[in-house]
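Chemist: Sequence:
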Amino acid sequence: GLFMTDYFTCTPRKLSPFRSFASIELFHFRIPEDTVIAVWNLITFKEQGGTFGDQCPDRSITVYFRSGAPSVINPLHTHFPRDTAVPGSFALTLTWTLPNRTTGVFNVTSPLPGDWFLAAHLPKDEGRISVKGLYEECQYLFQPQLIVQRLVNIATLYPGYVTEQSMAPHNRSCLYKVFVPSYTSRVLVEVLRCRGAEGCPLWLRVRAKAPPLHNSTMLDCREHAPCQLSLDLPFWQHWYYVLVEKHPGVPGTVSFQVTVQLTDCSRPSLAHPPFLPSSASMNMPHSFGSAGGLALGDSPPPTSPNGTKHPVPIPTASPASEQCWPVRPTLRNELDTFSVHFYIFFGPNVSVPPDRPALFVINLLPVLDSGGVLNLELRLNVSSLCGENATVFGCLNHEVPLMSGDNASVTCETESLAGFLLSVNATASLSRLRIPYPQTGSWYLSLRSLCATEHGFEPCANVTAEVYLRAYLSPCINDCGIYGQCKLLRTNNYLYAACECKAGWNGWGCTDNAEAFSYGFQLLSTLLLCLSNVMFVPPVAIAVRSHYLLEAAIYIFTMFFSTFYHACDQPGIVVFCIMEYDVLQFCDFLGSLMSVWVTVIAMARLQPMVKQVLYLLGAMLLSMALQMDRHGLWNLLGPSLFALGIMAIAWTARTIQRRHCYPPTWKRWAFYLCPGVLIAVAAVLLYAFVETEENYFYIHSIWHLLIASSVGFLLPPRTKPSGHLGPLPRRKGCRYQLCINEQEELGLVDPAVASINSICTS
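First residue of the sequence shown: 386, per this note's numbering; consecutive thereafter.
Here are the simulated DSS-like cross-link-like pairs (lysine-lysine), alpha carbons at most 30 Å apart as the crow flies:
#1 K887 x K399
#2 K872 x K887
#3 K562 x K594
#4 K1052 x K996
#5 K594 x K631
#6 K562 x K631
#7 K872 x K509
#8 K509 x K887
#9 K399 x K872
#10 K509 x K399
Estimated spans, in silico, between C-beta atoms of each pair:
#11 E511 x V767: 51 to 61 Å
#12 A811 x L716: 26 to 36 Å
#13 P442 x L909: 30 to 40 Å
#14 A1073 x A803: 52 to 62 Å
#15 P442 x V995: 49 to 59 Å
#16 P442 x S801: 41 to 51 Å
#17 F475 x L716: 34 to 44 Å
#18 L909 x V752: 43 to 53 Å
#19 D605 x N748: 36 to 46 Å
#20 A582 x P738: 49 to 59 Å
#21 Y392 x P442: 28 to 38 Å
#22 Q997 x G512: 40 to 50 Å
#23 A938 x R875: 37 to 47 Å
Since the hints were derived computationally from the structure, they do not count as laboratory data.
All residues carry an ideal CB built from backbone N, CA and C; glycine is no exception.
Let the hints inform the model, and build the full structure from the sequences given.
Modeler: Encoded structure:
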């Protein structure tokens, strides 16, 4: 056949350590129909400071693949909520082959067409809290690329018609496809008039949605005569691929005929050909064209290159074995993103007759509905059983309803089909099912009422069970409970939802309490973070006593908003918010930075007018910086360095002017400045390098204590003596007077304690 190659790629994205599904990177691809091979090229490289991260440590990268919907992953092996079905996916771990780059390849032969999703993440880290911009962080970037090869112009088989084929010696196989419409209960593929050098040396393989694989349903035509392959309960509204493959080492040309027969369970007594319905009634795709099906009296479709002949007769199916029942549709009501209710006409209470199943269909839109959770709830009206020992079994299947016998209704499985089972009876009258990230398309729910006997379950005699049925789509499972937050995430144009847990809770629905914080621990951490701000009371008292009223007001502002910000910032249920979280966070950050700013400016001992201008200018600039980036390093480091520069200039100028080191006494350095600086440096080191998510509550509390203590030590003494001392006497002289206030130069905290000895020299 003729092959065509397509290329797809995504932009590189930074990977994060796994904490929940909200921390993964999701990539969306779409594989076209008739694809025979898909190759994912997985490129990973390191970056540090805009260059290659050769010094970054090697961290394994896990990639998950799934068709139809995102993968439901559980790398931390946490517990899922009750009644949750976990669909499978394939995982691949990438290891590093070069210092800063590695490449992995993942091949899929005959992949299913449609949406494919890749999820990638780094291993869980220790949870260290780092200051943004403090050092160059190692970044791990991941870029997947997809290369597909698809066949062009695959021969189409028309149900009931014979297609002749001659396989040349250099050819090994022939590939066909046939479309299976709704209400098809059986697909029968048959090889006729097979002639070769060694009988009929052919393999017959059939697969839905994609070309067959080595493990697909197959039949050896050498050992079976006639060579017929039957598939019960095929997928509706999908292509089926038929592969006729020659045995290896067979010489010469092999000629044969292929025909496909479809059994319409809605009309089991009618044969398809020559009375084929139109393509519209068969729900065939538009690619068939107007000649894809035949109405009554129409001529056969045009002859294919391989030669399609007139239809062959089909044996009439048995009504008892091939009968199917009407499928009741549901009404879709969209309330919000991933908030969809499916209403049943004349429901929600439905009657399940004793002699046949009740069938319902739930249609999930492509791409739009695969990022949420499909919820199903069955509640039995026990009074409707009339005392019988009856059980209502529900089977939820994707793309085809389960219409088999009683045993299949109990197990919800057949040889080629497996679904999700629900059951309700007089003892357990409620059953729930949750499917995170469901595959889109049609989901069929079949309800069957069976009575328990000595020989197992059998159809009930005269019991019509009444069941309350509820089906809906939600963003997360139970809205992630009280210890989680349901987040709506986006990758390019694809939306999906995931839970982000807190207070040590884990799991897909934040229901795993293996590492959860107790209520006492939550209360203790909240009290430590809040009450540690009381340490600002001594600096406030010192500032008021030293007549630093503006500084005292800022310290009170910081203490107030830091207390209530941490009371609102707690991850558990011990939370108290007096206003919006964002407002509290902004005020807390602004108060902290302003406290540092005014303390250092006060230490510079500037003129009152200059000091007030700097206070106001600092408040405006810090507000602007916090609005731009609240977690940046320069938000703390920039104002601190600028204020220290002003203080250094003022102290240097005063030292040069007085020809003496300022502050001039060792007591001020030994008992106030050096301890205050050491305490502040220790606080900064704890904040920047020691703080993690596990020790946050007590390390950050120590940070509060140290910062408040350093302010009390660093705040300078009163700049002016108290008013009761009066003006100093002035002696007449040569109109040059030098006054030295010894108490002020010593830098004592309260100069009013001792008398002032002023020396004036003319």
